[in-house]
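Participant: Sequence:
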Amino acid sequence: MTRPRILVVGAGFAGVECVRRLERTLSPSEADVTLVTPFAYQLYLPLLPQVASGVLTPQSIAVSLRRSRKYRTRIIPGGAVGVDLKAKVCVIRTITDRIVDESYDYIVLAPGSITRTFDIPGLTDHAFGMKTLAEAAYVRDHVITQLDLADASDDPAERAARLQFVVVGGGYAGTETAACLQRLTHA
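In terms of our numbering, the sequence shown is residues 1 to 187.
Source of the hints: derived by calculation from the structure; they are not laboratory data.
Accuracy of the hints is not assured; some may be wrong.
Said to hold, decoys possible - DEER-style ranges, computed between Cβ atoms:
1. Gly174 to Lys88: 38 to 48 Å
2. Val91 to Pro156: 48 to 58 Å
3. Thr175 to Arg21: 27 to 37 Å
4. Pro156 to Glu17: 43 to 53 Å
5. Ile99 to Leu123: 58 to 68 Å
6. Ala134 to Gly174: 11 to 21 Å
7. Asp155 to Leu123: 22 to 32 Å
8. Gly170 to Lys88: 40 to 50 Å
What the hints assert, rightly or not - Listed below are the simulated SDA-like cross-link pairs for lysine to any residue, each with C-alpha atoms no more than 20 Å apart in a straight line:
9. Lys86 to Leu109
10. Lys86 to Val108
11. Lys86 to Glu17
12. Lys131 to Ala14
13. Lys131 to Lys88
14. Lys88 to Ile107
15. Lys131 to Gly169
16. Lys88 to Asp141
17. Lys88 to Tyr104
18. Lys131 to Gly12
19. Lys86 to Thr115
20. Lys86 to Asp105
21. Lys131 to Ala62
22. Lys131 to Leu147
23. Lys131 to Gly78
24. Lys86 to Gly169
25. Lys131 to Asp151
26. Lys131 to Glu17
27. Lys131 to Thr115
28. Lys131 to Ile120
29. Lys88 to Arg74
30. Lys131 to Ser60
31. Lys88 to Pro111
32. Lys131 to Thr25
33. Lys88 to Met1
34. Lys131 to Tyr104
Every residue gets a Cβ at the ideal spot worked out from N, C-alpha and C, and that includes glycine.
Taking the hints into account, I'd like the entire structure generated from these sequences.
Facilitator: What follows is the structure in structure tokens.
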């Protein structure tokens with residue numbers, strides 16, 4: 001009898017914890033575990049505001065998923081683009097842009113979160129997300145550039161405009177981002 005194939009989509013908190021529990025609970029002979037993720041690291045999202053403010057480096061909040069050979073989970077670098085529940089096949093676009101059909105017996109869908117825009121006019125055109133290392137670094141670079149441009153300006157109105165930053169969202173991420181950026185801009 002063949003081992004069941006367990007496919008986990010997403011390497012956020014839920015996906016990585018699922019894989020870790022499967023590896024602790026099941027012996028290698030009991031199941032084949034595969035993880036689909038576009039990156040070979042797990043990102044610790046609660047610390048992205050500290051990256052945006054320059055307190056932490058991007059590398060310090062990205063934990064390698066390939067850190068040890070003791071983990072038997074196979075990693076497919078890519079993202080799920082479709083699932084055929086009847087055929088039990090997940091369609092994956094790899095990081096090399098190939099389309100791969102991955103069969104499974106059990107699937108766990110834990111693709112993570114996205115930046116919400118709350119249907120606020122202009123938000124998608126003028127705001128930055130805070131869900132990836134690239135976005136956090138972009139926010140940091142943008143704020144520093146605005147600080148430099150404000151310092152270089154002799155026009156009080158331009159200086160004031162360049163020194164205004166708005167954080168949308170009052171949950172943990174929004175509050176932490178506002179606090180960290182306050183610290184950065186008043187350093």
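Participant: Can you give the numbers of the hints that this structure goes against, from lowest to highest?
Facilitator: 5, 11, 13, 16, 19, 22, 24, 25, 32 and 34
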